[in-house]
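Read top to bottom, the protein sequences are chains A and B.
If you count the first sequence from 1, you need to add 748 to reach our numbering.
If you count the second sequence from 1, you need to add 476 to reach our numbering.
It should be emphasised that the hints constitute simulated quantities derived from the structure, not laboratory data.
Treat the hints with caution; some may be incorrect.
[Claimed, not checked] Just some of the chain A residues that point at chain B, by a computed CB distance under 7 Å:
#, residue
1, 778
2, 824
3, 845
4, 854
5, 868
6, 870
7, 873
8, 884
9, 887
10, 888
11, 891
12, 893
By construction, the Cβ of each residue, glycine as well, lies at the ideal position given by its N, Cα and C atoms.
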Amino acid sequence: MDQMSKIVRTIACVLIVPGIIFGLYVIMHGHLTPGGGFQGGAIMATISVLFIIAYGEKIREALDRDILSLAEGLALLAFISLAFLGLSTTFFRNFLANEGFIFGKAIGFGINPGYLNTGGVIPLMNLAVGLEVFSALSLVVLIMYLGSKNEVLKDVE
Amino acid sequence: MNGIYKGLAFVVLFAFLLVAVGDMHPFGKPPSEMDDYFIRNGQEETASNNIVTAVVFDYRGFDTLGEATVLFTAVTGVFMLFAERK
Numbered sequence: 749m750d751q752m753s754k755i756v757r758t759i760a761c762v763l764i765v766p767g768i769i770f771g772l773y774v775i776m777h778g779h780l781t782p783g784g785g786f787q788g789g790a791i792m793a794t795i796s797v798l799f800i801i802a803y804g805e806k807i808r809e810a811l812d813r814d815i816l817s818l819a820e821g822l823a824l825l826a827f828i829s830l831a832f833l834g835l836s837t838t839f840f841r842n843f844l845a846n847e848g849f850i851f852g853k854a855i856g857f858g859i860n861p862g863y864l865n866t867g868g869v870i871p872l873m874n875l876a877v878g879l880e881v882f883s884a885l886s887l888v889v890l891i892m893y894l895g896s897k898n899e900v901l902k903d904v905e
Numbered sequence: 477m478n479g480i481y482k483g484l485a486f487v488v489l490f491a492f493l494l495v496a497v498g499d500m501h502p503f504g505k506p507p508s509e510m511d512d513y514f515i516r517n518g519q520e521e522t523a524s525n526n527i528v529t530a531v532v533f534d535y536r537g538f539d540t541l542g543e544a545t546v547l548f549t550a551v552t553g554v555f556m557l558f559a560e561r562k
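Here chain B stands alone, though its shape is the one from the complex:
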């Protein structure tokens, strides 16, 4: 019985994988023009050679703010967990 479930799960996941592979866009042709825009204009607009940093701190700065907040919240949780008992 256990083997039937495992085989069923394998077949279902493999079917999903095949569907995903069939839907892939052709190699070298990204689905949107956004990455081309970053590569062509990012260096002039942000004056930064590193396009990854330009995206992380300029175009998608709000995302970095969320990451920093997550770190801050984690430290707050550790403080609360290890607080000295009076």
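Just chain A, with the same shape it has in the complex:
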């Protein structure tokens, strides 16, 4: 099977817009609404899986596994670096919360409208984890797809 019909390919191209936007929304509002980095990254990875199914062999031109692998490593490194930046107090100290700087708006106990500019390092960690989960889940499916096209040698068959 080289690639699926034109209907499936067109629907995949239409669905990439709401899919990626919904994934980024879930990641970016992780400190306000249910969801977060893991969930949003999984939503975005669904889109790349859909493209792998729809386009078949032509996915080699769009998804580069070296770039995805690099993004995964860098995102995990950014997550650990954010954890180390709070090391003046403890590991994983939320050093940006309630400071008035980026993501530093202070909120009190109780109901509020849900300001995006709150949470300290939590939104940044959500972004890093979201990128990591998206790259990792896409890589797993992509590597399995490309590996299924490999020819099995005679001596290991």
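Knowing the structure of chain A, use the given hints to seat chain B on it.
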């Protein structure tokens, strides 16, 4: 003979279940004060409305680091399994 083993396993597991139900704390009274602390102070300390995210990424951030590492290791294993043979 097989039925005796099945019945024995059922009785033993059911006894464990009954013991566990007898040891349960009363409804609405958690065994520790930790969850009350998160609900009362989590919003002020982490400035995050979502207490679950506050616990996952702030109070228990080390656990999330382990989860991310597990995912990284899984991808490494898939790379190794599907490596192209030269």
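Exercise. Against which earlier hints does the structure fall short, listed by number upward?
Worked result: Those not satisfied come down to hint 12.
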